[in-house]
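These protein sequences, in sequence, are chains Y and Z. Take the first sequence: its letter number 75 is residue 75 in our numbering, and every next letter is one higher. Take the second sequence: its letter number 155 is residue 155 in our numbering, and every next letter is one higher.
Incorrect hints may have been included.
If the Cβ cut is set under 7 Å, some of the chain Z residues that face chain Y in the computed set are [stated by the list, open to error]:
hint, residue
1, R29
2, L54
3, G58
4, T61
5, Q79
Read the hints as simulated data drawn from the structure, not as lab findings. Ideal Cβ placement from N, Cα and C applies to all residues, glycine included.
These are the residues of each chain, in order.
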Amino acid sequence: MHSEIAALVERFVAGDDSAFAELVARYERKVYQVAFQIVRNHYDADEVVQETFVRIFKRRNELGKVSSFTSFLLRVATNYAIDLHRRQRSHDRWPEEDTPAMAQLQTILSADVRTPGDDFRDRRLMVEIIRALDTLPPRQRLTAILHDVQGYSKREVAEILECPEATVRSNLHIARTKLKKILRKRLRTEE
Amino acid sequence: MTPSTPSDSDRLLLDRAIDGELTAAEQERLRRRLSEDPEFREEHRDHETVVRLLRELGQSTPVPSDDFMAERRSLIMAQTVERETAQAELSDARAGLLKAALSLVASIAIFAVAVWVGLRQPDGQVGATAPSSTTVLSTEAVDALVASDRELAVGMLALAPPGGLGRVDLALMIGEDF
Numbered sequence: 001m002h003s004e005i006a007a008l009v010e011r012f013v014a015g016d017d018s019a020f021a022e023l024v025a026r027y028e029r030k031v032y033q034v035a036f037q038i039v040r041n042h043y044d045a046d047e048v049v050q051e052t053f054v055r056i057f058k059r060r061n062e063l064g065k066v067s068s069f070t071s072f073l074l075r076v077a078t079n080y081a082i083d084l085h086r087r088q089r090s091h092d093r094w095p096e097e098d099t100p101a102m103a104q105l106q107t108i109l110s111a112d113v114r115t116p117g118d119d120f121r122d123r124r125l126m127v128e129i130i131r132a133l134d135t136l137p138p139r140q141r142l143t144a145i146l147h148d149v150q151g152y153s154k155r156e157v158a159e160i161l162e163c164p165e166a167t168v169r170s171n172l173h174i175a176r177t178k179l180k181k182i183l184r185k186r187l188r189t190e191e
Numbered sequence: 001m002t003p004s005t006p007s008d009s010d011r012l013l014l015d016r017a018i019d020g021e022l023t024a025a026e027q028e029r030l031r032r033r034l035s036e037d038p039e040f041r042e043e044h045r046d047h048e049t050v051v052r053l054l055r056e057l058g059q060s061t062p063v064p065s066d067d068f069m070a071e072r073r074s075l076i077m078a079q080t081v082e083r084e085t086a087q088a089e090l091s092d093a094r095a096g097l098l099k100a101a102l103s104l105v106a107s108i109a110i111f112a113v114a115v116w117v118g119l120r121q122p123d124g125q126v127g128a129t130a131p132s133s134t135t136v137l138s139t140e141a142v143d144a145l146v147a148s149d150r151e152l153a154v155g156m157l158a159l160a161p162p163g164g165l166g167r168v169d170l171a172l173m174i175g176e177d178f
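Chain Y extracted, bound-state conformation (with noise of 0.2 Å):
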């Protein structure tokens, strides 16, 4: 698989055009799934995968230098998504009852996604995530994010964020108590 991938990238730097739509079509929706968690909404998912292919092709020339374009394509990714998602807030384009979280909360009520654990506390609690993840600072968010929602390994987190696995430790224990401290205040105020 890595190994294919590495042949696809060196096809892509050397002008195959071919190779960049393989490596699009694999990589789309996994660039879709990270930015739909940062971003919240369809419009600025779709948005964010359109950028993040426009602008590795335009880097396409740093491509031989990268030790892994997985990393490297979603850290782009990620970059271009967090902007954008506070690009958002600052302009505060949600009102309040269509707020990113309450689109999600659709999205998991829909009769078309299951929860493993269907109930509706299970439910509540999910949008009270959602909604505590975005109080997050960027980084923390981020780590939690691509490491316990998309399950990316520490490494790989490491990896797209350039930083040391200590630091995506550390941040992920962070941001795994802050998460919890709020869940269980919200949860307390609400009995």
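Knowing the structure of chain Y, use the given hints to seat chain Z on it.
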């Protein structure tokens, strides 16, 4: 063991337990803590809930349809490969246009030089065809004309306006008053 508020090292232990990174000794330590300390048990349960919810969040990410992704792929190719190809073609066209313009300028320059060199020829054929032109009365032209055809120079002097450029030289060369 007396119940106590979980320390940071306890929480780190929970993190590593959830991620499946504990050694056998650490697993044993965790097991003992959990069985003896209800507060730590609660901490462990909440910690697990947070991570479980985060993992479930990943499973609830909407997945766009194949058609949608294919459409996006076309759009991406249009914004990258096709745009670059179009830009390269435009650039080629511009280069061709520039080349043509340079060729035209070069042709004009060569023609102008040829005319200028022709005017300097000693036999004076070019200059002789335009006696009324002020160019004919330039010093160089006069020199050429006088050297080849004194009679023509006399005619030129007659045609040259009074005070015209080169009239003095022309007159001096043919030995007449100017």
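Hints and how they fare:
1. R29: Violated, because the Cβ-Cβ distance from R29/Z to chain Y comes to roughly 18 Å (cut-off 7 Å).
2. L54: Holds. Min distance 4 Å.
3. G58: G58/Z check passes; min Cβ-Cβ to chain Y is 4 Å, inside 7 Å.
4. T61: Holds - the Cβ of T61/Z comes within 7 Å of chain Y, reaching about 5 Å at its closest.
5. Q79: holds (5 Å)
Against the hints set out earlier in the document, a violation occurs for number 1 only.
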